[in-house]
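Keeping their order, the protein sequence lines are chains A and B.
If you read the first sequence in my numbering, its first letter stands for residue 1, the second for the next number, and so on.
If you read the second sequence in my numbering, its first letter stands for residue 1, the second for the next number, and so on.
Calculated from the structure, these hints are not laboratory results.
Among the hints, erroneous ones may be present.
All copies of an identical chain are treated as equivalent in the list; a pair is satisfied when it fits inside any one copy or across any two copies.
[Unchecked claim] Keeping only pairs whose Cα atoms sit at most 25 Å apart, straight-line, the calculated DSS-like set for lysine-lysine is:
hint : residue 1 : residue 2
1    : K41       : K319
2    : K11       : K424
3    : K585      : K424
4    : K135      : K318
5    : K135      : K598
6    : K318      : K46
7    : K11       : K318
8    : K585      : K135
9    : K554      : K318
10   : K11       : K573
11   : K253      : K40
12   : K573      : K359
13   : K585      : K27
14   : K598      : K318
Number of protein chains: 2
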Amino acid sequence: MAKIIFMPQGKEADADGHMSILQLAQKVGLPLQSTCGGKKKCGKCKVVVEETDASLPPPSDQEREHLGELLEKGYRLACDTVLTAGAQIQIPVESLVRRQVILTSHTKYAYPARLQPNVEQYYLEVPAPTIDDVKADRERFLSALHETFGLRHLHMDTAVLRELPRLLRSGEQGLVALIRDGREIIGLQGELEQRLYGIAFDMGTTTVVGYLMDLLSGDDLSVVSAMNPQIPYGDDVISRISFCQQEPGGLEKLRSHMVHCLNGLILEASTQAGINPNQIVEMTVVGNTAMHHLFLGLETRYLAIAPYTPVVTGAQDKKALALGIEIGPSAYVHLLPLKAGFVGSDAIACILATGIHRKKATTLLIDLGTNGEIVLGNKERLVCCSTAAGPAFEGGHIRWGMRAAAGAIERVKIDPTTFDVILKTIDDERPLGICGSGIISAVAEMIRAEIVLEKGHFNENIQSSRLRRGKQGWEFVLAWAPEAGAEQDIVVTQKDVAELQMAKSAIYAGATLLMEIFGGKPIQRVLLAGAGGNYVDPLDACTIDLFPGCTIAKVIGVGNAAGHGSCLALLGKTKRREAERIAQKAQYIELAATERFKELFVSSMFFTAARDYEDNF
Amino acid sequence: MAKIIFMPQGKEADADGHMSILQLAQKVGLPLQSTCGGKKKCGKCKVVVEETDASLPPPSDQEREHLGELLEKGYRLACDTVLTAGAQIQIPVESLVRRQVILTSHTKYAYPARLQPNVEQYYLEVPAPTIDDVKADRERFLSALHETFGLRHLHMDTAVLRELPRLLRSGEQGLVALIRDGREIIGLQGELEQRLYGIAFDMGTTTVVGYLMDLLSGDDLSVVSAMNPQIPYGDDVISRISFCQQEPGGLEKLRSHMVHCLNGLILEASTQAGINPNQIVEMTVVGNTAMHHLFLGLETRYLAIAPYTPVVTGAQDKKALALGIEIGPSAYVHLLPLKAGFVGSDAIACILATGIHRKKATTLLIDLGTNGEIVLGNKERLVCCSTAAGPAFEGGHIRWGMRAAAGAIERVKIDPTTFDVILKTIDDERPLGICGSGIISAVAEMIRAEIVLEKGHFNENIQSSRLRRGKQGWEFVLAWAPEAGAEQDIVVTQKDVAELQMAKSAIYAGATLLMEIFGGKPIQRVLLAGAGGNYVDPLDACTIDLFPGCTIAKVIGVGNAAGHGSCLALLGKTKRREAERIAQKAQYIELAATERFKELFVSSMFFTAARDYEDNF
């Protein structure tokens with residue numbers, strides 16, 4: 001079989017005549033950008049085929065469309081090219097998935113003063129058996145728990161039974177039972193410990209964040225994060241769901257990638273804190289409905305077709321072992337409740353963390369992402385919806401869009417007279433592309449500099465070498481090829497602006513619809529949650545008319561509120577019940593079933609929609 | 001590394017200079033007889049070392065003792081010989097573990113007329129979700145179960161959740177939930193089935209028997225059996241327990257061998273019945289306490305030292321998946337309750353099956369084995385004990401003893417005047433050795449022919465070429481070397497008779513003690529259970545004075561009563577509660593703590609003990 005060598009990494013794969021270059025690269029651990037999941041639609045997986053032993057098939061229509069003149073330089077789409085002979089493949093830096101800047105902080109919140117972990121320590125002494133009273137270990141132990149604490153009907157799994165004889169005989173001084181929810185003994189120790197370890201996860205479509213905590217003090221012991229390992233199978237949940245349908249064993253593949261990722265993070269967090277992962281007695285998980293289902297290995301097919309039915313929405317308690325999660329052998333994983341196919345436990349956790357369901361003031365909570373979850377409410381009532389904003393807020397479907405990784409343009413300043421551009425990139429590296437907050441910032445600046453007009457068109461009257469006609473219509477140059485160190489100039493195209501209009505219009509229309517359902521009460525606060533949410537400048541959000549009634553003063557970035565909600569559920573069992581009440585209480589609006597949403601969506605496209613709307617309200 | 005070739009099988013192993021020939025043979029799937037578990041005590045693992053490339057170490061004391069003149073013919077003990085160079089090893093036919101005749105029948109019992117399986121089918125229709133009422137699959141399904149049958153708080157594991165979306169959408173006509181004990185949905189089907197499959201196991205020290213049954217009709221669908229795969233690690237439970245203590249990972253090794261064996265039997269039974277193992281919805285298991293603990297991977301160390309404490313005695317319900325058992329993915333394994341370290345769930349199952357706890361008549365139940373379990377009782381009261389009878393009843397510690405496999409002498413007739421011998425062997429093959437019922441039969445005949453006298457001594461006055469002085473004292477020839485096709489004559493030695501006296505004395509003393517505790521009430525029936533029990537001739541049992549007050553008329557062989565008890569628990573949930581009541585009710589007598597037992601043991605050695613005892617009672 002012919003060898004394929006990926007450069008500059010030098011990794012090798014065998015060309016089997018069946019797998020695409022994209023699949024081969026995934027196989028050897030080089031995940032390429034692929035917003036569409038290998039469907040030849042996004043054009044992100046550009047590679048250069050060099051030194052091949054055989055002639056390549058002619059470019060497909062999709063390759064012609066996405067690559068244009070790059071074809072002459074040997075560029076191909078990795079997803080659309082199958083090699084039958086050896087070759088050297090150059091991976092341009094912009095095609096490689098880079099480690100995203102992951103938003104883990106949620107320092108704006110304090111933990112509740114009263115911790116109520118659902119796992120508690122019980123110290124007790126158990127009499128030794130005698131020849132005249134030979135009661136079995138388990139039965140003596142349970143009797144002692146009953147006599148000492150009045151506890152009855154306690155379960156105990158085989159892993160605990162396996163430890164029991166040794167611990168009963170290990171010391172003079174009795175032992176400690178770890179009891180979960182007063183119902184099951186999930187661990188045994190020789191003595192009372194000063195710390196009890198738990199881990200809370202926020203399992204996002206793009207990133208996974210874990211918080212290792214001490215359940216007794218509420219201390220954060222370590223925070224770890226990783227890119228979602230399912231990204232190579234599709235950037236968004238819909239691509240991953242269709243991967244599961246098309247590839248035999250696809251669901252199991254995505255499930256096991258996620259489990260492997262979580263186990264890696266658990267090990268990393270434990271190592272940082274100087275503990276063994278099997279000392280972790282409880283884990284909580286939040287995520288959107290698709291992530292939740294993929295983690296449990298549940299069918300996701302019906303999430304993608306009307307009426308978008310989840311398999312399960314209630315909170316789940318599963319043995320970690322049965323899920324393949326490597327923590328304490330008898331520990332449980334608690335999955336917070338979901339609301340609907342596109343309002344997951346991450347949204348419930350955001351509400352839990354921000355407490356909007358307990359406040360008199362009416363709050364609009366927006367989680368900016370491919371699916372923008374929107375919640376509006378107060379202590380009386382909650383309404384929520386999810387809008388298919390598309391991937392623009394995460395850099396997807398944008399000509400030069402990329403994830404929020406090093407080299408991504410995240411802030412743009414444009415001089416309104418000279419049209420000179422000042423860029424801020426992540427880690428101050430040479431610009432490689434534009435991330436979600438970057439495209440919002442760029443378009444907001446272009447609006448303020450009147451390069452982009454009210455309806456989203458480019459102002460053709462502007463005299464600047466940066467504004468020009470490209471192959472796909474008008475475009476504005478943010479960075480010239482030499483500064484970017486790229487083959488081409490980094491631009492914002494007319495189509496990019498249109499993509500952002502679609503995205504923001506979806507949010508705007510969803511929020512407006514919720515307000516109408518809510519009875520038009522004035523919104524006192526707007527919370528922007530999620531990675532996108534925290535990095536977006538409130539001024540930029542208002543400039544692009546992201547939501548109705550926008551005034552900068554009341555917009556607050558709240559960071560990773562979902563992760564914080566997961567931590568709260570880890571630390572307090574009453575918080576779990578609160579999450580269930582939130583899921584019960586929240587009224588879900590299915591936008592797909594709402595004619596009014598379509599009207600609002602169309603009327604919210606312009607960048608003056610906010611003002612128009614307020615005039616009419 | 002040098003090659004070892006085992007003949008006549010032709011299997012090969014590498015001589016690593018560390019493993020004994022016994023271990024190497026186990027490794028390549030040639031289990032050798034080893035009553036002592038490789039401790040150089042039983043002398044059963046004889047092999048002939050041929051064509052070796054190196055000189056062997058001189059024979060050990062144990063080899064000299066067990067092999068005697070056979071040493072000159074190249075015989076060695078496989079457990080005591082480590083090879084450092086290549087060799088060819090001849091395995092004599094008597095050294096190989098042969099498939100035992102396994103007692104599976106329990107046809108003397110009828111199943112209860114009213115079946116009450118703990119898994120039931122519920123047919124229901126679940127409304128499809130609509131865009132206006134998007135309830136998740138699980139929540140709609142649970143609502144329908146509540147509305148249709150009033151069932152609430154039902155559990156459902158991930159395996160069932162994974163099936164739910166497909167089955168909810170597979171037909172127009174609703175679906176069937178399999179519900180266990182009214183508490184958990186353990187399976188889903190498209191329609192009501194005519195059969196519901198369960199499997200009951202009796203997990204003996206020597207043999208494992210499985211009964212595949214239809215829970216709806218009570219029909220036996222197939223019966224399967226295998227040798228206990230733990231035999232190569234020790235013939236009796238004490239040897240296996242010490243193996244676990246001495247070998248790192250030993251417990252896990254024995255556990256996984258048993259699980260593998262059970263899965264093989266499950267597959268075999270399913271294939272015979274034309275079903276898939278994952279159609280099996282419930283499994284029950286009985287076994288002695290050590291087998292039970294080894295199957296669950298529980299510590300067995302404390303079973304072997306006073307006060308012989310089990311880890312657990314209560315009935316257990318465990319997910320099959322968590323135990324590695326390959327039946328329905330959400331099915332449970334029910335383990336019947338144990339009584340004590342040496343009165344296991346097999347004894348409880350024997351009581352359940354024979355119903356002695358429900359009868360007015362006082363019954364003595366004896367399970368003949370290495371540990372002889374004895375129960376005495378009626379519907380008022382039950383007392384039980386276990387006596388360390390030693391392995392004689394299973395052919396162990398007997399010079400020519402062997403398992404009840406083809407070629408084993410199982411019945412002996414001796415002409416009281418000519419002393420001619422007529423042998424009955426299993427499968428009518430040439431005699432290879434003497435099994436448990438064979439040694440009882442031989443000694444009983446020798447008593448009747450007055451070759452063996454009251455105190456167990458050989459009658460030296462008898463004139464017969466068959467009675468002679470051997471190297472270890474007097475011996476009686478059952479088969480001459482030419483008829484046996486062996487190198488040596490098959491004999492019963494004075495020491496063999498003494499071993500049987502020890503064994504029968506343990507049973508006699510245990511039964512007598514129970515009778516004394518019971519207040520000396522007359523015994524109306526004696527039931528002989530277990531493989532040994534069924535094959536032993538009641539007349540032989542009485543001739544050797546196996547238990548007090550012996551009259552042939554009231555002795556009944558009841559076959560594999562433990563297996564039948566396991567089946568009853570599979571078919572009826574009330575039988576499970578009954579088993580728990582039996583375990584509660586039975587009073588366990590620890591013989592090790594009883595001075596009276598020691599007195600009785602000494603006074604029960606003679607073959608007239610019965611008459612003596614009755615005279616004094």
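With 25 Å as the alpha-carbon cut-off, assign the pair K253 and K40 to within, between, both or neither. This pair counts as within: shortest intra-copy Cα distance 21 Å, inter-copy 51 Å.
Is the C-alpha distance from K41 to K319 at most 25 Å within one copy, between copies, in both cases, or in neither? Classified as neither; 40 Å inside a copy, 46 Å across copies.
I want to check one pair: K11 and K318. Are their C-alpha atoms no more than 25 Å apart within a copy, between two copies, both, or neither? So K11 and K318 fail the 25 Å test inside a copy (39 Å) and across (47 Å) alike.
Intra- versus inter-subunit Cα pairing at 25 Å for K585 with K27: Close neither inside one copy (45 Å) nor across copies (63 Å); limit 25 Å.
Check K554 against K318 for me: Cα-Cα at most 25 Å, and say if that holds within a copy, between copies, both or neither. neither (40 Å within a copy, 55 Å between copies)
Regarding K11 and K424, is the shortest C-alpha distance of 25 Å or less found within a copy, between copies, in both, or in neither? Close neither inside one copy (33 Å) nor across copies (72 Å); limit 25 Å.
How would you classify K11 and K573 at a CA-CA limit of 25 Å: within, between, both, or neither? neither (48 Å within a copy, 61 Å between copies)
Indicate which option fits the pair K585, K424 if close means a Cα-Cα distance not exceeding 25 Å: within, between, both or neither. neither (42 Å within a copy, 80 Å between copies)
When no copy is named, should K598 and K318 be tagged within, between, both, or neither for a Cα gap of at most 25 Å? neither (40 Å within a copy, 53 Å between copies)
At most 25 Å between alpha carbons: which applies to K135 and K598, within, between, both or neither? between (71 Å within a copy, 24 Å between copies)
Within, between, both or neither: how does the pair K585, K135 come out at a Cα-Cα threshold of 25 Å? This pair counts as between: shortest inter-copy Cα distance 14 Å, intra-copy 50 Å.
From the Cα coordinates, with 25 Å as the cut-off, is the pair K573 and K359 best called within, between, both, or neither? Cα proximity of K573 and K359: one copy only (21 Å, versus 53 Å across).
Going down the numbered hints, you'll see the structure goes against 1, 2, 3, 6, 7, 9, 10, 13, 14, while the others check out.
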